[in-house]
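*Asks:* Sequence:
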Amino acid sequence: MTDLRGSNSATAAAASLRAQPAAASVIATCLNAQAESRPRSIIGRAFGASPLSEASRRPYVAAIGELHVASELEKLGADWVILHDVPVGERGKVIDHLAIGPAGVFALEVEHRPADAIAVRGELLTINGVARPHLVTSRDLATEAAVNLTRATGLNVPARGLIVFVAPQSVSTRDEPDDVGVTSDRAVHKWLADREPTLSATQVAMIAAAAADRSTWRGAIARRAPGFNADAFDALRVEVQRAWLARGFWGTAIIAAAAIAAVQLFGA
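Taken in order, the sequence shown gives residues 1 to 268; the numbers are from the UniProt record's numbering.
Any given hint could turn out to be false.
In silico EDC-like cross-links for lysine to aspartate or glutamate, where the CA-CA straight-line distance does not exceed 16 Å [unchecked claim]: (1) Lys190 with Glu72; (2) Lys93 with Asp140; (3) Lys190 with Asp79; (4) Lys93 with Glu144; (5) Lys75 with Asp194; (6) Lys190 with Glu74.
Just so you know, these hints were derived from the structure itself, not from any lab.
I would like the entire structure built from these sequences, with the hints used as guidance.
*Replies:* As structure tokens, then:
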């Protein structure tokens, strides 16, 4: 299970985004929504009713996706600095993951799209054949990152958007835009690692230091979302897993009972 706690030092967490846990905002949203839900009944628990409410289900899934992508990004190694939940606006906008390494600066947006078909044809991105505005959103986040980092460092810091789809059926790209990439969770670390180097180690360190400084993100809500609680989310994940196992058990039991009844009926 991904460790959500970041630094053990509350002071360090307040001073630097390096200690910001992955998915902090959506975890807070999930837990705040879950706190308003009714507890499951004893029967519901026994038969594997989901502990998630309607309001908490979507942010829960989003948080699991972001945590999974964060673990994939760890494969990039020490040459890269990965920051999570980077605030870029007064309205609570965040960059899910900001990757800074030899290939440059990338603002990652994570989308959970299980079994969906993703296609990029130039400036058109479709999901199951339906046009979606993800390229525009990703480009805007990358522009916010570039403006803030250029101002903070005094360097010209371009940033590229990168949309990461979690568990898609397929990702097909043709004539991908120069400033926005599209990939899957399974391929994200390789996608980044395979980019041509554009920054020296010194430049990476300088940009990463500025990116980790909360004052860089001027005008942003640069604080951990109220309601974030790593232990509470870990406990919720355990409950969800147990409910899934219980449903699997009862489903198997029903199938087995039906098979036995059929044998007895037709064998009589």
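*Asks:* Against the earlier hints, flag every one the structure doesn't satisfy and list their numbers going up.
*Replies:* none
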